[in-house]
Amino acid sequence: MVFACFFATGQNKQILYDFSEIPQALLINPGTETDFKWYSGVPALSGISFQAGSSGISVNDLFADDGVNFNDKIRDRLINGMNPRDDLSGTYQIDLINFGYRGAKTNNFYSFGIYHEGDAIGYWFKDYAKLAYEGNADNLNNRFDLGHLKTRGEILNVFHFGVTKQIDKKLTFGVRGKLYSGIFDFTSTKNRGYFVTTEGENNLLANTINADLELKTSGAITLDHVLDEEASATELIKRGFFGGDLGLGVDFGFTYYLNDQTVITGSVLDLGFIYHNTDVLSYSLKGNATVEGVEIILPDDANNPNANFWQDLVDEVEELVPFEENRESYITFRPTKLYGSLRYNFGEPVQPKTKMDCDCRMPNKSSNRIKYRNSVGGQLYVINRPRGPQAALTAFYQRRFGNIMALKTTYTVDKYSYSNVGLGVNLQAGPVNMYFMADNLLAYRNIAASNYASFQLGINIISWGKN
Amino acid sequence: MKKLTVYTFIVTFFLLLTSCIEEQDFDQYNDLSVVPVLESSILYLEATEDVINNVPPGPFYSEDFNFDPFSEEFFSDRVLDGVITYELENTTSKPLTLNIEFINDADTVLDVESFTIEASPSGTFQRDVTYGNSGKSLDILRNTSKIRVTASNNGDNTSTSTVTPPLVTLKSSGKFSVRLK
Numbered sequence: 022m023v024f025a026c027f028f029a030t031g032q033n034k035q036i037l038y039d040f041s042e043i044p045q046a047l048l049i050n051p052g053t054e055t056d057f058k059w060y061s062g063v064p065a066l067s068g069i070s071f072q073a074g075s076s077g078i079s080v081n082d083l084f085a086d087d088g089v090n091f092n093d094k095i096r097d098r099l100i101n102g103m104n105p106r107d108d109l110s111g112t113y114q115i116d117l118i119n120f121g122y123r124g125a126k127t128n129n130f131y132s133f134g135i136y137h138e139g140d141a142i143g144y145w146f147k148d149y150a151k152l153a154y155e156g157n158a159d160n161l162n163n164r165f166d167l168g169h170l171k172t173r174g175e176i177l178n179v180f181h182f183g184v185t186k187q188i189d190k191k192l193t194f195g196v197r198g199k200l201y202s203g204i205f206d207f208t209s210t211k212n213r214g215y216f217v218t219t220e221g222e223n224n225l226l227a228n229t230i231n232a233d234l235e236l237k238t239s240g241a242i243t244l245d246h247v248l249d250e251e252a253s254a255t256e257l258i259k260r261g262f263f264g265g266d267l268g269l270g271v272d273f274g275f276t277y278y279l280n281d282q283t284v285i286t287g288s289v290l291d292l293g294f295i296y297h298n299t300d301v302l303s304y305s306l307k308g309n310a311t312v313e314g315v316e317i318i319l320p321d322d323a324n325n326p327n328a329n330f331w332q333d334l335v336d337e338v339e340e341l342v343p344f345e346e347n348r349e350s351y352i353t354f355r356p357t358k359l360y361g362s363l364r365y366n367f368g369e370p371v372q373p374k375t376k377m378d379c380d381c382r383m384p385n386k387s388s389n390r391i392k393y394r395n396s397v398g399g400q401l402y403v404i405n406r407p408r409g410p411q412a413a414l415t416a417f418y419q420r421r422f423g424n425i426m427a428l429k430t431t432y433t434v435d436k437y438s439y440s441n442v443g444l445g446v447n448l449q450a451g452p453v454n455m456y457f458m459a460d461n462l463l464a465y466r467n468i469a470a471s472n473y474a475s476f477q478l479g480i481n482i483i484s485w486g487k488n
Numbered sequence: 012m013k014k015l016t017v018y019t020f021i022v023t024f025f026l027l028l029t030s031c032i033e034e035q036d037f038d039q040y041n042d043l044s045v046v047p048v049l050e051s052s053i054l055y056l057e058a059t060e061d062v063i064n065n066v067p068p069g070p071f072y073s074e075d076f077n078f079d080p081f082s083e084e085f086f087s088d089r090v091l092d093g094v095i096t097y098e099l100e101n102t103t104s105k106p107l108t109l110n111i112e113f114i115n116d117a118d119t120v121l122d123v124e125s126f127t128i129e130a131s132p133s134g135t136f137q138r139d140v141t142y143g144n145s146g147k148s149l150d151i152l153r154n155t156s157k158i159r160v161t162a163s164n165n166g167d168n169t170s171t172s173t174v175t176p177p178l179v180t181l182k183s184s185g186k187f188s189v190r191l192k
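From first to last, the protein sequence lines are chains A and B.
Quick note: the first sequence uses the numbering used here, first residue 22, plus one each step.
Quick note: the second sequence uses the numbering used here, first residue 12, plus one each step.
Some clues are possibly wrong.
[Stated by the list, open to error] Which residues of chain B face chain A? A partial, calculated answer using Cβ under 10 Å:
id, residue
1, Ile53
2, Val62
3, Asn65
4, Val189
[What the hints assert, rightly or not] A short list of chain A residues far from chain B (calculated; beta carbon distances all over 12 Å):
id, residue
5, Ile69
6, Arg106
7, Tyr113
8, Asn128
9, Asn231
10, Asp233
11, His246
12, Leu248
13, Leu257
14, Leu279
15, Tyr304
16, Phe354
17, Leu363
18, Asn424
19, Ile480
[As the list claims (entries may be wrong)] Straight-line distance between alpha carbons at most 27 Å, and here's what the computed BS3-like set of lysine-lysine pairs gives:
id, chain 1, residue 1, chain 2, residue 2
20, A, Lys186, A, Lys392
21, A, Lys126, A, Lys186
22, A, Lys151, B, Lys186
23, A, Lys211, A, Lys436
24, B, Lys192, B, Lys147
25, B, Lys192, A, Lys151
26, A, Lys58, A, Lys199
27, A, Lys211, A, Lys307
28, B, Lys192, A, Lys94
In case anyone wonders, no lab produced these hints; they're calculated from the structure.
Note that CB positions come from ideal geometry on N, CA and C, so glycine has one too.
Construct the entire structure; sequences and hints are all you get.
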């Protein structure tokens, strides 16, 4: 059951954040201070990331070969053990194209590209599960909250162009415009209502449903046709290249040096929306009805010998709580993310890459910045989710080994884990840049018991050559 | 500090390299049993004493009506057992008989529940009829597509009750275990 609600949302990239040796750091803070002349991501390999998390239960909790009755585990750990704020989430992102270059004004750095992204989140629909598992008997007057159904997900391509500008010696500011091309979307986040069984007014029991439920989808029909092989996959690909839903968004970010060694950074990502007006199919169930079974009240009903009491009851309920389809356009707002960090650099200075290569450091001030061997600090991550903002706190330590390797290790606390230790490695072999990052490493002792896993990797070509 | 850094990375890489997964038994899913117990009212019948007095003693109401919920595939294929509760109350001045017949598509009567209730004050009469296990056959319900309700006056048609309001009511509800998985 837990996997039947597989959904997800944006990934916390706490290891990549502010890892200025890696070009993809610009995607999570367009105000990241870099010293590249230009870079080019290897198409489809420059940025691959994946994340999956479950805040309430792990695979091991249910499927461990521990001798505990499986039905007891379902009842105790899933049905009664999880709450409606627990979620199952996941996301992936693949850089299709990613380029960056320093402008004629060396204080400006431009980066642009296309990435493909899928994300979704599904909260634990506790009362639906309880109703399906236990039934309504012996739950007299217990309201089953229909608002527990809360989920959203999307697959899209993002076309982006960003400018990072060094304002002065202390401040670097960046902005990135985004054009979203939606492929598939589903959203059901504003459900309300309840189902309750009470003592009846006339009859023994009354079942009442008060529903305001809605599921909106776009691209689902095309996806369904592709899966059924009634349409080719190019139909979906077209949707990802302006043939589907379109939207606009923007990222902001900055890096500010409090002094030579202390830096604060921040970014806001995906302030934007998508307008879904193609291939839309939505469903709703809205209304209020109370049923006490078939009612025959004499003498009134004696005058209608052909009455179909049962069908009349069904029709009445369907009229009071109609299940309807519509194709009306709708708007979704992107899951906006916020990052912030405070970093302290210390230790021996590392010789700048530009100087090492050709002694042709760019004249702008940031490239002359001393890079220290060590950095330590803290980061904050907040994402806007259907049940409100969700935060993560990270402490990190970063170590540079000359210009060929940099490591960053993190400790993160969030709703998924209090023991999330992550590690990122950045390698520079000439112009070839490679990075690999993974977190929640302690959970690798038994991956099945993990509530969270993520990784990021990529390959880029970087030049610090003469401007 | 340098040593600490090195040790930290060695330990972290060691954890990565030694990652493993405890044995999982996904076949446990086959043991999953989901059997909710569903409960709902079924039928409510109400007749005032005027209705009874308007016709000569004997049957004063008989009606067949379509009743599909028991034969719906979702229910008939999955029901394991259950109980139907009937509750009668008679505040009229005459003894009454009430029959509920379960009828299939071929108009064959599969089962009859018969109730005889004394004139007021007779209190509330309740009967629980179990189906499945040691109770009546579930096939009665599975094949029921129609219910016939017959009510008879076993007294006179002139007297009136002193209780307000004078009427006979039949309430009923069903409580069934249904196997979803």
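Now for the hints, and whether the structure bears them out:
1. Ile53: holds (5 Å)
2. Val62: With Cβ-Cβ at 5 Å, under 10 Å, it holds.
3. Asn65: holds (8 Å)
4. Val189: holds (7 Å)
5. Ile69: holds (18 Å)
6. Arg106: Correct as stated: the minimum Cβ-Cβ distance to chain B is 24 Å, above 12 Å.
7. Tyr113: At roughly 21 Å from the nearest Cβ of chain B, A/Tyr113 sits farther out than 12 Å, so the non-interface label holds.
8. Asn128: holds (34 Å)
9. Asn231: At roughly 17 Å from the nearest Cβ of chain B, A/Asn231 sits farther out than 12 Å, so the non-interface label holds.
10. Asp233: holds (23 Å)
11. His246: holds (29 Å)
12. Leu248: holds (24 Å)
13. Leu257: At roughly 31 Å from the nearest Cβ of chain B, A/Leu257 sits farther out than 12 Å, so the non-interface label holds.
14. Leu279: It holds; A/Leu279 is separated from chain B by about 23 Å at its closest Cβ, greater than 12 Å.
15. Tyr304: The claim stands: A/Tyr304 keeps its Cβ more than 12 Å from every Cβ of chain B (closest is about 20 Å).
16. Phe354: holds (36 Å)
17. Leu363: holds (20 Å)
18. Asn424: holds (18 Å)
19. Ile480: With a cut-off of 12 Å, A/Ile480 remains clear of chain B, as the shortest Cβ separation is near 20 Å.
20. A/Lys186 to A/Lys392: holds (19 Å)
21. A/Lys126 to A/Lys186: Cα-Cα ~10 Å, so holds.
22. A/Lys151 to B/Lys186: Holds, at roughly 17 Å.
23. A/Lys211 to A/Lys436: At roughly 22 Å apart (the allowed maximum being 27 Å), A/Lys436 and A/Lys211 satisfy the hint.
24. B/Lys192 to B/Lys147: holds (24 Å)
25. B/Lys192 to A/Lys151: Satisfied, since the Cα-Cα distance of roughly 14 Å is no more than 27 Å.
26. A/Lys58 to A/Lys199: At roughly 23 Å apart (the allowed maximum being 27 Å), A/Lys199 and A/Lys58 satisfy the hint.
27. A/Lys211 to A/Lys307: Satisfied, since the Cα-Cα distance of roughly 12 Å is no more than 27 Å.
28. B/Lys192 to A/Lys94: holds (16 Å)
When each numbered hint is compared with the structure, no violation occurs for any of them.
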